[in-house]
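Single-letter residue listing:
Protein chains: 2
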Amino acid sequence: MARLVMKFGGSSLGDIQRMRHAAGHIAREYNAGHEVAVVVSAMAGETDRLANLVREAAPLHDAREYDSIVATGEQVSAGMMAIILQTSGISARSWLGWQLALNTDGTHGAARIVDIRDDLLNKSLAAGQVAIICGFQGIGPDTRITTLGRGGSDTSAVAIAAALRADCCDIYTDVDGVYTADPRVVPEARKLGRISYEEMLEMASLGAKVLQTRSVEMAMTQGIRLRVRSTFEEPDAFISDIPALDSGIGTLVCDEDEIVEQQIVSGITYARDEAKVTLLRVADKPGVAAGVFGPLAQAAINVDMIVQNISDDGKSTDLTFTVAKSELDRAIETIGAARDQIGYQDLSGSTDIVKVSIVGIGMRSHAGVAAKMFQTLADHGINIQAIATSEIKISVLIDAAYAELAIRALHAAYGLDV
Amino acid sequence: MARLVMKFGGSSLGDIQRMRHAAGHIAREYNAGHEVAVVVSAMAGETDRLANLVREAAPLHDAREYDSIVATGEQVSAGMMAIILQTSGISARSWLGWQLALNTDGTHGAARIVDIRDDLLNKSLAAGQVAIICGFQGIGPDTRITTLGRGGSDTSAVAIAAALRADCCDIYTDVDGVYTADPRVVPEARKLGRISYEEMLEMASLGAKVLQTRSVEMAMTQGIRLRVRSTFEEPDAFISDIPALDSGIGTLVCDEDEIVEQQIVSGITYARDEAKVTLLRVADKPGVAAGVFGPLAQAAINVDMIVQNISDDGKSTDLTFTVAKSELDRAIETIGAARDQIGYQDLSGSTDIVKVSIVGIGMRSHAGVAAKMFQTLADHGINIQAIATSEIKISVLIDAAYAELAIRALHAAYGLDV
Numbered sequence: 001m002a003r004l005v006m007k008f009g010g011s012s013l014g015d016i017q018r019m020r021h022a023a024g025h026i027a028r029e030y031n032a033g034h035e036v037a038v039v040v041s042a043m044a045g046e047t048d049r050l051a052n053l054v055r056e057a058a059p060l061h062d063a064r065e066y067d068s069i070v071a072t073g074e075q076v077s078a079g080m081m082a083i084i085l086q087t088s089g090i091s092a093r094s095w096l097g098w099q100l101a102l103n104t105d106g107t108h109g110a111a112r113i114v115d116i117r118d119d120l121l122n123k124s125l126a127a128g129q130v131a132i133i134c135g136f137q138g139i140g141p142d143t144r145i146t147t148l149g150r151g152g153s154d155t156s157a158v159a160i161a162a163a164l165r166a167d168c169c170d171i172y173t174d175v176d177g178v179y180t181a182d183p184r185v186v187p188e189a190r191k192l193g194r195i196s197y198e199e200m201l202e203m204a205s206l207g208a209k210v211l212q213t214r215s216v217e218m219a220m221t222q223g224i225r226l227r228v229r230s231t232f233e234e235p236d237a238f239i240s241d242i243p244a245l246d247s248g249i250g251t252l253v254c255d256e257d258e259i260v261e262q263q264i265v266s267g268i269t270y271a272r273d274e275a276k277v278t279l280l281r282v283a284d285k286p287g288v289a290a291g292v293f294g295p296l297a298q299a300a301i302n303v304d305m306i307v308q309n310i311s312d313d314g315k316s317t318d319l320t321f322t323v324a325k326s327e328l329d330r331a332i333e334t335i336g337a338a339r340d341q342i343g344y345q346d347l348s349g350s351t352d353i354v355k356v357s358i359v360g361i362g363m364r365s366h367a368g369v370a371a372k373m374f375q376t377l378a379d380h381g382i383n384i385q386a387i388a389t390s391e392i393k394i395s396v397l398i399d400a401a402y403a404e405l406a407i408r409a410l411h412a413a414y415g416l417d418v
Numbered sequence: 001m002a003r004l005v006m007k008f009g010g011s012s013l014g015d016i017q018r019m020r021h022a023a024g025h026i027a028r029e030y031n032a033g034h035e036v037a038v039v040v041s042a043m044a045g046e047t048d049r050l051a052n053l054v055r056e057a058a059p060l061h062d063a064r065e066y067d068s069i070v071a072t073g074e075q076v077s078a079g080m081m082a083i084i085l086q087t088s089g090i091s092a093r094s095w096l097g098w099q100l101a102l103n104t105d106g107t108h109g110a111a112r113i114v115d116i117r118d119d120l121l122n123k124s125l126a127a128g129q130v131a132i133i134c135g136f137q138g139i140g141p142d143t144r145i146t147t148l149g150r151g152g153s154d155t156s157a158v159a160i161a162a163a164l165r166a167d168c169c170d171i172y173t174d175v176d177g178v179y180t181a182d183p184r185v186v187p188e189a190r191k192l193g194r195i196s197y198e199e200m201l202e203m204a205s206l207g208a209k210v211l212q213t214r215s216v217e218m219a220m221t222q223g224i225r226l227r228v229r230s231t232f233e234e235p236d237a238f239i240s241d242i243p244a245l246d247s248g249i250g251t252l253v254c255d256e257d258e259i260v261e262q263q264i265v266s267g268i269t270y271a272r273d274e275a276k277v278t279l280l281r282v283a284d285k286p287g288v289a290a291g292v293f294g295p296l297a298q299a300a301i302n303v304d305m306i307v308q309n310i311s312d313d314g315k316s317t318d319l320t321f322t323v324a325k326s327e328l329d330r331a332i333e334t335i336g337a338a339r340d341q342i343g344y345q346d347l348s349g350s351t352d353i354v355k356v357s358i359v360g361i362g363m364r365s366h367a368g369v370a371a372k373m374f375q376t377l378a379d380h381g382i383n384i385q386a387i388a389t390s391e392i393k394i395s396v397l398i399d400a401a402y403a404e405l406a407i408r409a410l411h412a413a414y415g416l417d418v
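Chains R and X, in that order, are what the protein sequence lines are.
In this text, residue positions in the first sequence follow the working numbering: the first is 1, and each later residue adds one.
In this text, residue positions in the second sequence follow the working numbering: the first is 1, and each later residue adds one.
Derived from the structure by calculation, the hints contain no laboratory data.
Model, not experiment: these values are computed from the prediction.
Among the clues, some could well be false.
[What the hints assert, rightly or not] Cβ-Cβ distance ranges computed for the label pairs, FRET-style: (1) R:ASN52 x X:ASP174: 20 to 28 Å; (2) R:ARG49 x X:ARG339: 37 to 45 Å; (3) R:ASP329 x X:GLY24: 31 to 39 Å.
[Said to hold, decoys possible] Mimicking DMTMM-like on lysine to aspartate or glutamate, the simulated pairs with C-alpha atoms at most 25 Å apart in a straight line are: (4) R:LYS209 x R:ASP142; (5) X:LYS325 x X:ASP142; (6) R:LYS285 x R:GLU333; (7) R:LYS372 x R:GLU391; (8) X:LYS123 x R:ASP62; (9) R:LYS123 x R:ASP167; (10) X:LYS285 x X:ASP318; (11) R:LYS123 x X:ASP62; (12) X:LYS123 x R:ASP105; (13) R:LYS209 x R:GLU333; (14) R:LYS123 x X:ASP48; (15) R:LYS123 x X:GLU46; (16) X:LYS191 x X:ASP255; (17) X:LYS123 x R:GLU46; (18) X:LYS325 x X:ASP346.
Glycine is no exception: its CB is placed at the ideal position from the N, C-alpha and C atoms.
Please take these sequences and the hints and turn them into a complete structure.
This is the structure:
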C-alpha cells in the first residue's frame, strides 16, 4: 500500500464524461489498495468565464473578491468528482481550502502556501475515503479565500503531497510525459523516462507548459517525486507500481541521483512570448544600467535576458533586454519617459524573436556544450541576438522565423532524435 | 440613521447591467447615511445550471456535495456586487456563510438557521462598510456548507435582519408589492400598503410566490418588518423613509396591530400545483385513515387537503385528498400497493384541479365570509370538490378550467376591485 496524490487539470475535467474518465484513474489506484488524495482544477473554461465576468464589472478590482469568485470553479469540480466517485461505490468527499485548512499568505491572486493542516486529511484517508481537494485555493490570514495564481493547482498538489508525506504525486494532463522537445515542432522528439528537478525547473521556466514552475521548485525542496502522465489513456491500460515508479508510465521528475544514464542535454525548449528592447548608443558610464532598469522595476516590468555591448565609438554602449510581449508597450513608454536621465540615441522594440534553450544537468561535467550549440546555429545561418546561460541551460535569442529550424537542428546535434 | 437589510433575488441580478441597477438602490440607502447589509441570491439561472450539472452526474447524490456546489452561485454574486459597489467608491465586502458564521443544523439541502454571529458584521457596518452576504447558504455542525432550500435567501435576509436588529428588511423583487390577487389573472387587483404576518404566511403557503413561507414565519416570530418592493424602479425614484415606513413604497409585512383599516379579505390566491386522489368505497371503520395516510407518510409524500364523505350505502366512505402534482404517481403507487390492507373499490387521480383561497384576518371577527364564498361560486356554476379552512383562510378545490372565473368573481364579491 502506498499513499498517492493525483492531480487533474481543467482539460481532464471538461465535462461529466471526462470527469467519469478521470474517476476511472482514481478508482484504479483506490482499488489497488492505495490511499488516495485528489487535487482538482476547475472544469475547462470555468476560470476564464469567471475572470471575464469580474473584468466586465471592473477592469481594476478588489483581489480579495476576485479570489472568492474564481475559487468557485474548483469548489464545483471537487464536489462533482466526489459525487461521481460515489456512484461507483467509492467513499469520497470534497475539501475546500478553508476546510483543510490550507493556509496561505495574504497575497491575493498569487498567494503562497504557508502550511497545511494534515490531521483531517489523514483521518479521512485512514477511514478509506478518497479526499478530493480544491486546487488553486487556500485561506489567508484574514480568513478570506486566496488563490495561488494561474496553474496553481500543480502547486496545491505538491504541497498536499508534502503535507501527507505521499509516495508520489501524479500530475494527469493532456500529454503523456515530458518530451525532449515539443513534438509538434520535432516529430523525432522522445518522451523522457526521468528528468531531474533542476532540469524540469529550467524547462518549465523556459516555456515547457507541462508544469507550473513553482510546483517543481516546491517538489525539489520537499523531495516529492512528481510524475507527469496522460489522463486520456484508458484507466486500466497502466497499473501503477508506485513503490517502484519504474513502470514506463509518463515522466518521473526526481532527484538527479535517481537518474542512471544522464544525458548531456535532456531537452530543447522555446518561448515565443518575449519581446526585445534595444537602446542604441547609451553613454558608457557608471549608473547607466541602474538608470534603465530602475524605472522598469518601479513599473513592475520583469526583465529576462540582458546584453550589453561596447559600441564602435568606444564611448557608448548598446543595451538589449527582453520582457514579456504583453509588457513591451509599457516598457517602451517607461524607457521613453526616462530618456533625459538615461541618455540614449535611439530606442526600438521587436516582437519578432524567439528564445531557444538547451537544458541538461550533464552540461556541468561536459565541456564544449555551448560551442556545439553556437556552431550548429551558425551552420544553419542563424544569427544569435543574445545569449544567457546558467549552470544547466543555455538560452539564445534568435529571429522568430528560424525557431523550428533551430530547434530541430539542435535536437539532432545533441543526439536526441529517436 | 437606520439599519437596513436589503435582499436581491436572482432576477435582480441577471447580468452585470442589472447588478449595477441593484447597486444603485444600495448606494441610495448608503448615501442617505444608513447602515446597510445586503443579502444576494445567485445570478438568475445559475442555481438551476449547477443543480442540473449535479443531476447529470448522479440523479441521487450526496446532499453535502450538492450544497457545496450550488452555494457557489451566491459566492459569485456576492463578490460581484462588492466589486460593483466599489467602482462607485462605496466600501463593501462579501461574506460567505462560513465566514460570518451563519450556523445551521445539519439538514443539507433544507437546513435551518441556528444562530448567526453578529460581531464581525457589526464591526463591518460600524466601519461604514456595506456587508454583502451570500443568501441561501450557511455552515453546518460538520463545518460543511449547507443550503436552506429553494427561496432560502429570503430566510437568510430575515435572519440577518434579526441578528443585526435591523429597522427593516427590504425584499427587492420583480413585482412592486403584494397584490390582492395575481394581476395577470385579475386586472383590477390592488397593491396592498400593509399586510399582516399571518395573512402573508397563508398567502405564501397558498401559492403567492413573492416570499418564501419560512421567511415570513421567522419575520413574525422575530418581529422583523419586511417590505416587498420592486427592484426595477429607478433607484432614485423613491427615497426610503425607514423609521416611518409609510412612504407608499411596496408592501409592508408587519404586525396586525400596525394595520389601521383591516379588510375582511385581504387577498385571493391560487395554486395549480396540486393533484387530487380519490378512493371510492373505503370500508367505514376505525383505522382506515391511518391505513391510507400511514404509507404516504412513510413514502414522505405530503398531503394537503383531506375530505371524507359517507357513501350512499352507509357502510363505506369516499376519501379524497390532495398532494403535489409531482408526487401524484408515487401517491397512486403507494396506495395501490397497500390496497389489501386498506380495502377500497376504486382509486383515481386527477391533475385537473386548482386550489383557490381567500385570506384575511378580518374573518376572525366577521360572520358569513365562507357563506359568501360558496354562494359566489355557486352563482357562477362552479362546483366545489373539497373545502379546507383555518382561522384566517378558506380554500376550495375546483375544476382547473374555472380558476380565472372563480378568482375574478371572488375578488369582486369581497370588494377588492379597484
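Going through the hints against the structure:
no.: 1; hint: R:ASN52 x X:ASP174: 20 to 28 Å; result: 27 Å, holds
no.: 2; hint: R:ARG49 x X:ARG339: 37 to 45 Å; result: 53 Å, violated
no.: 3; hint: R:ASP329 x X:GLY24: 31 to 39 Å; result: 36 Å, holds
no.: 4; hint: R:LYS209 x R:ASP142; result: 32 Å, violated
no.: 5; hint: X:LYS325 x X:ASP142; result: 35 Å, violated
no.: 6; hint: R:LYS285 x R:GLU333; result: 23 Å, holds
no.: 7; hint: R:LYS372 x R:GLU391; result: 16 Å, holds
no.: 8; hint: X:LYS123 x R:ASP62; result: 20 Å, holds
no.: 9; hint: R:LYS123 x R:ASP167; result: 18 Å, holds
no.: 10; hint: X:LYS285 x X:ASP318; result: 12 Å, holds
no.: 11; hint: R:LYS123 x X:ASP62; result: 20 Å, holds
no.: 12; hint: X:LYS123 x R:ASP105; result: 23 Å, holds
no.: 13; hint: R:LYS209 x R:GLU333; result: 30 Å, violated
no.: 14; hint: R:LYS123 x X:ASP48; result: 34 Å, violated
no.: 15; hint: R:LYS123 x X:GLU46; result: 34 Å, violated
no.: 16; hint: X:LYS191 x X:ASP255; result: 18 Å, holds
no.: 17; hint: X:LYS123 x R:GLU46; result: 34 Å, violated
no.: 18; hint: X:LYS325 x X:ASP346; result: 20 Å, holds
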